[in-house]
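For the record, the sequence lines run as chains A and B.
Heads up: the first sequence begins at 2 in this note's numbering, then just goes up one per residue.
Heads up: the second sequence begins at 56 in this note's numbering, then just goes up one per residue.
Keep in mind the hints are simulated off the structure, nothing from the lab.
Note that the coordinates shown come from a computational prediction; the quantities given were computed from them, not determined experimentally.
Some hints here could point you the wrong way.
Taking lysine to any residue and the SDA-like style, the derived pairs with C-alpha atoms no more than 25 Å apart in a straight line are [claimed, not checked]:
| id | chain 1 | residue 1 | chain 2 | residue 2 |
| --- | --- | --- | --- | --- |
| 1 | B | Lys126 | A | Pro48 |
| 2 | B | Lys163 | B | Ala78 |
| 3 | B | Lys163 | A | Pro102 |
| 4 | B | Lys222 | A | Glu41 |
| 5 | B | Lys132 | A | Leu26 |
| 6 | B | Lys163 | A | Gln46 |
| 7 | B | Lys163 | A | Gly49 |
| 8 | B | Lys233 | B | Pro93 |
| 9 | B | Lys163 | A | Leu38 |
| 10 | B | Lys222 | A | Pro248 |
| 11 | B | Lys113 | B | Asp80 |
| 12 | B | Lys222 | A | Gly249 |
| 13 | B | Lys163 | A | Gln40 |
| 14 | B | Lys222 | A | Asp30 |
| 15 | B | Lys163 | A | Pro27 |
| 16 | B | Lys222 | A | Gln46 |
| 17 | B | Lys222 | A | Pro102 |
| 18 | B | Lys132 | A | Asp103 |
| 19 | B | Lys163 | A | Arg7 |
| 20 | B | Lys222 | A | Ala37 |
| 21 | B | Lys222 | A | Gly225 |
| 22 | B | Lys163 | A | Ser233 |
| 23 | B | Lys163 | A | Ala34 |
| 24 | B | Lys222 | A | Val70 |
| 25 | B | Lys222 | B | Asn133 |
| 26 | B | Lys222 | A | Gln40 |
| 27 | B | Lys163 | A | Asp47 |
| 28 | B | Lys222 | A | Pro48 |
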Amino acid sequence: MDVVRRMRPALGTFVEAGASASAGLPALDTAFASLALAQERWSFQDPGSELSRINGSDGGWVPVHGDTVRLLRLARGLMLASGGYFDFTVGGAQVRRGSLPDHGGLPALERGTAHDVELRAGAVRLQRPVRLVLDGIAKGFAVDLACRAMRRAGAASGWINAGGDIRVFGDIELPLALRGEDGGIRPHGVLRNAAFASSQVAAMRDDSFPADIIGPAGLAPQPGVWSVLARSAWRADALTKVAAIAPGETRGPLLARLGGQLA
Amino acid sequence: MSAHRWNAFFLPVAVLAGPTAYATDYLTVAQAQEQLFPGAQFGEQTLKFSSDQRDRIKAAAGVRQRNEEMKVWRAEKNGKLQGWLMVDEVIGKHEFITYATAIGADGKVLGIEIMSYRETHGGQVREQAWRKQFVGKTVSDPFKLDQDIQNISGATLSCRNVMDGVKRLLVVQQMFLKA
């Protein structure tokens, strides 16, 4: 099949978009436009993002885009279903440790619970002053939305690879190669009508840099490269974090229950 | 063991996809021209920088202008200046990237396209300067890679290099390419 592909900087990484040639460049342009919107809405670093407006709110309802409500609903559901192995309420702790910027606002709790986030159509309310951080899920979700945008623009098949968060749809098989901890590259099979995400957890001995542990109390991510297959990219993205934190014996069954598979 | 603590960070993992997994050419110069300035006519020129000029570029952009020459295409439509197309290269941690930047007549970035992306692993590292920069550092060095934590806007190293490169191209345009 003839395909058209482009790579541009987006979401703080290089993003490759590809589609059947018949859909052409306009389909890819809609994908990149969709990714730019995701960046504007869900970046923790950007003080003007919807996420920062939520984090800076004083307990009232914050009007947001419908996709933001959808993303937060997915995040909340996965946090509950994973028993906190996926946690999007740890922004307060990360700000305190200096791994995320402080945009001011009410003094934040180190972390919260899924119930701190109240949702209704077009609006979000924080029950307690938590700082939400969507790093573990928003990039995947943005990839899903970009694929949807390409479909709507007439692409029968295509893919997005946003620096390792990948989704393929339609009649395309995408060969994957993965870089291991040693920097070496090895083939990693073929992806078809599915999503794939990888996270590397690097262990390091260092006194000067704060730990950035995002697991439930007492559980730290385990060093290694964690790759997960799922139907959608948001799920694959988020489940790499679950895979890294879940204890060995429970990892496989937990991922299967949550809709993913270790790759 | 010493009193060091073990810290853990999520880092992005490069996953290469596509029929040509280790090197992909997206656009030729002609294709980049047509995409970024559709229907324009192009005049090629080569900028030559003295060492003093390269110092000034570095002072203004914060990053070094490594090459002494740069090829630039001036885009015109019906005799009216549309802007400039500049082709530049950067080296990431694992990749060698050629990219095109379109700058409008008003000095604003119109678009950035990666023209070619090559994995540098496996003896393909062409740039000794890059090697030097990373000598003695490993994947577990936090101070280089802490900002590589996978998140929605913390840029990965090589992507930051491209954004720095674009900043430098804007400085070059300001200094040397006037409407």
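Outcome of the hint check:
In summary, the hint linking Lys126 of chain B to Pro48 of chain A is not supported, as the alpha carbons are separated by about 37 Å, beyond the 25 Å threshold. A distance of roughly 30 Å separates the Cα atoms of Lys163 of chain B and Ala78 of chain B; the hinted pair therefore is violated under the 25 Å criterion. Our distance criterion of 25 Å between C-alpha atoms is broken by Lys163 of chain B and Pro102 of chain A, whose separation comes to about 28 Å. For the given pair, Lys222 of chain B sits about 21 Å from Glu41 of chain A by alpha-carbon distance, which is consistent with the 25 Å threshold.
Only pairs whose Cα atoms come within 25 Å are accepted, and Lys132 of chain B paired with Leu26 of chain A is accepted, the gap being roughly 22 Å. About 23 Å separates the Cα atoms of Lys163 of chain B and Gln46 of chain A, which keeps this hinted pair within 25 Å; it holds. Distance check on the hinted pair: Lys163 of chain B and Gly49 of chain A sit about 22 Å apart at the alpha-carbon level, within 25 Å; holds. For the hint linking Lys233 of chain B to Pro93 of chain B, the alpha-carbon distance of about 21 Å falls within 25 Å, and the restraint holds.
Straight-line distance between C-alpha atoms of Lys163 of chain B and Leu38 of chain A comes to about 20 Å, which keeps the hinted pair within the 25 Å bound. Between Lys222 of chain B and Pro248 of chain A, the direct Cα distance comes to roughly 45 Å. Violation of the 25 Å bound is thereby established for this hinted pair. Under the criterion of a C-alpha separation no larger than 25 Å, the hint pairing Lys113 of chain B with Asp80 of chain B is inconsistent with the structure, at around 29 Å. About 46 Å separates the Cα atoms of Lys222 of chain B and Gly249 of chain A, which puts this hinted pair outside 25 Å; it is violated.
Restraint check for Lys163 of chain B and Gln40 of chain A: satisfied, since their Cα atoms lie roughly 20 Å apart, inside the 25 Å limit. A threshold of 25 Å between alpha carbons decides the hint, and for Lys222 of chain B with Asp30 of chain A the separation of about 23 Å falls inside it, so the pair holds. Pair hint Lys163 of chain B plus Pro27 of chain A holds up; C-alpha atoms about 22 Å apart against a cutoff of 25 Å. Note on Lys222 of chain B and Gln46 of chain A: the hinted pairing holds, with a Cα-Cα distance of about 20 Å set against a maximum of 25 Å.
Restraint check for Lys222 of chain B and Pro102 of chain A: satisfied, since their Cα atoms lie roughly 23 Å apart, inside the 25 Å limit. This hinted pair does not check out: Lys132 of chain B and Asp103 of chain A have alpha carbons roughly 47 Å apart, beyond 25 Å. Restraint check: the Cα-Cα separation between Lys163 of chain B and Arg7 of chain A comes to about 22 Å, which is no more than 25 Å; the hinted pair holds. Of the pairs offered as hints, the one joining Lys222 of chain B and Ala37 of chain A holds, with about 19 Å between alpha carbons and a cut-off of 25 Å not exceeded.
Proposed proximity of Lys222 of chain B and Gly225 of chain A is contradicted: the alpha carbons are some 35 Å apart, above 25 Å. Distance check on the hinted pair: Lys163 of chain B and Ser233 of chain A sit about 36 Å apart at the alpha-carbon level, beyond 25 Å; violated. For the hint pairing Lys163 of chain B with Ala34 of chain A, the CA-to-CA distance comes to about 18 Å; that is within 25 Å, so the pair holds. Using a Cα cut-off of 25 Å, the hinted pair Lys222 of chain B and Val70 of chain A is violated, with the two alpha carbons roughly 35 Å apart.
Note on Lys222 of chain B and Asn133 of chain B: the hinted pairing is violated, with a Cα-Cα distance of about 29 Å set against a maximum of 25 Å. A C-alpha spacing of about 20 Å is found between Lys222 of chain B and Gln40 of chain A, which places the hinted pair at or below 25 Å, so the restraint holds. At most 25 Å may separate the alpha-carbon atoms for a hinted pair to count; Lys163 of chain B and Asp47 of chain A meet this at roughly 21 Å. For the suggested pair Lys222 of chain B and Pro48 of chain A, the alpha carbons sit about 22 Å apart, so the restraint of at most 25 Å is met.
The structure is inconsistent with the numbered hints 1, 2, 3, 10, 11, 12, 18, 21, 22, 24 and 25, although it conforms to all the rest.
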